[in-house]
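Build out the structure end to end from the sequences listed, making use of the hints.
The residues making up each chain are set out below.
Number of protein chains: 2
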Amino acid sequence: MNFTKTTSYSLHVLAYMARHENKIMSASYLHRQLDIPYSYLRSVLLDLSRKGLIMGVKGRNGGFCLGREKKDIYLSEIVNATEGIDVLNKCIMGYEKCPFDNVCIFHSAWTRMRDEILDILENTTLADHLNSTDISKSNINQ
Amino acid sequence: MNFTKTTSYSLHVLAYMARHENKIMSASYLHRQLDIPYSYLRSVLLDLSRKGLIMGVKGRNGGFCLGREKKDIYLSEIVNATEGIDVLNKCIMGYEKCPFDNVCIFHSAWTRMRDEILDILENTTLADHLNSTDISKSNINQ
DNA sequence: TTAAATTGCTATGCCTGGGTAGCAATTATG
DNA sequence: CATAATTGCTACCCAGGCATAGCAATTTAA
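Chains F and S are the protein sequences, given in the same order. Note that my numbering has the first sequence beginning at 1, numbered continuously upward. Note that my numbering has the second sequence beginning at 1, numbered continuously upward.
Just so you know, the hints here were simulated from the structure itself, not pulled from any lab data. Don't take every hint at face value.
Same chains, same names: a pair is fine if it fits in one copy or spans any two.
As the list claims (entries may be wrong) - DMTMM-like cross-link-like pairs, simulated, lysine to aspartate or glutamate; straight-line CA separation at most 25 angstroms: (1) K90 to D35; (2) K90 to D115; (3) K71 to E116; (4) K5 to E83; (5) K23 to D47; (6) K58 to E69; (7) K58 to D119; (8) K90 to E122; (9) K58 to E116; (10) K5 to E21; (11) K70 to D128; (12) K5 to D115; (13) K90 to D119; (14) K23 to E116; (15) K5 to D86; (16) K70 to D47.
Please read these numbers as outputs of a predicted model, since none were measured by experiment.
Written as structure tokens, this is what we have:
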């Protein structure tokens, strides 16, 4: 009923990096800032680095920064790099194809959400996301 | 992003039993009808039986039937018997509490769906479900 | 009475997501 | 130069969902 933690961690990290562009951040720093288990964060960062979403800088004072400009990284790419966006194509009953032939009572609620989420993922860059959450942060009604 | 297969199997089985009330069905029969792996179906049925949702009848010609009348079994009970309805209380990012303080861009799409699904689960009995899918089946627009 | 079909129950295995740990290579700092 | 801090990489562990297999007990049918 949700994204994997790996996806969540990745979105966290990349959103944080977008908010502090051009700053190189080490795994231990990100660990302290984002409260993600250090060792696992290491492996997530390695993976994102291999996939080009971030760039690793070795050596003392090394760390990671965005692999591209924040306006050029779409959220869908991040999900694709972790669990793959295909999760959204499985019906809520866990099958590729709805076992109730799309007439199950959850279907409309489910597809509506899926379409909205897909739309967000495919049309939001890290830069957009930054703006949208900034607006939200200034809204008391949370 | 979806219910576990165990939940899906359970909903399948119970919906099928509701559609053929008062008939005793063996695991191997249900396996053939619903295309659920036999051995795993056995363990699912055992579990549902222990939890009172179905009743086992031993011996040759034995099998299972609904543990209560179909109008008295709510879908929420079934989900609770398998993975627990709490899955719906985790945010889409996989946490108990949304790590973005409820301002993440998926939040409204997600909560809307969750509320709808919860409403369906808590207010639909197997009997209701039967009617709703019957209506849908007669609808060409699928 | 014997065999077949069934549930009740338990032990086991596989896979994946999540997580840990350590070593080599690299780089900056004292 | 020596040491500290870092990434790159690999091996490993654990839990849970999914799945299989087999044995005992029960009941029916031949």
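Checked hints:
Taking the shortest Cα distances, K90 and D35 sit within 25 angstroms of each other only across copies (18 angstroms), while inside one copy they are farther apart (31 angstroms). Taking the shortest Cα distances, K90 and D115 sit within 25 angstroms of each other both inside one copy (12 angstroms) and across copies (20 angstroms). With identical chains, the CA atoms of K71 and E116 are at most 25 angstroms apart within one copy only, with a shortest distance of 21 angstroms there and 34 angstroms across copies. Both within a single protomer and between protomers do K5 and E83 lie at most 25 angstroms apart by alpha-carbon distance, with minima of 10 angstroms and 18 angstroms respectively.
Taking the closest pair of Cα atoms, K23 and D47 come within 25 angstroms of each other only inside a single copy of the chain (20 angstroms); across copies the shortest separation is 54 angstroms, beyond that limit. Proximity of K58 and E69 under a CA criterion of 25 angstroms is satisfied intra-copy only: 20 angstroms inside one chain copy versus 66 angstroms between copies. In this assembly of identical chains, K58 and D119 lie within 25 angstroms of each other by CA distance neither inside one copy nor across copies; the values are 37 angstroms within and 52 angstroms between. With identical chains, the CA atoms of K90 and E122 are at most 25 angstroms apart both within one copy (18 angstroms) and between copies (23 angstroms).
For a Cα distance limit of 25 angstroms, the shortest separation of K58 from E116 qualifies neither inside one copy, at 39 angstroms, nor across copies, at 49 angstroms. In the homo-oligomer, the alpha carbons of K5 and E21 lie at most 25 angstroms apart inside one protomer (24 angstroms), although the nearest pairing across protomers, at 42 angstroms, exceeds that limit. Taking the closest pair of Cα atoms, K70 and D128 come within 25 angstroms of each other only inside a single copy of the chain (9 angstroms); across copies the shortest separation is 49 angstroms, beyond that limit. Taking identical chains as interchangeable, the C-alpha atoms of K5 and D115 lie at most 25 angstroms apart whether they share a chain (21 angstroms) or sit on different chains (22 angstroms).
For the identical chains of this complex, K90 and D119 are neighbours both inside a copy (16 angstroms) and across copies (22 angstroms), given an alpha-carbon limit of 25 angstroms. In this assembly of identical chains, the alpha carbons of K23 and E116 never lie at most 25 angstroms apart, being 33 angstroms within a copy and 42 angstroms across copies at closest. With identical chains, the CA atoms of K5 and D86 are at most 25 angstroms apart both within one copy (16 angstroms) and between copies (17 angstroms). Taking the closest pair of Cα atoms, K70 and D47 come within 25 angstroms of each other only inside a single copy of the chain (18 angstroms); across copies the shortest separation is 49 angstroms, beyond that limit.
In the structure shown, a violation is registered for the earlier hints numbered 7, 9, 14, in ascending order.
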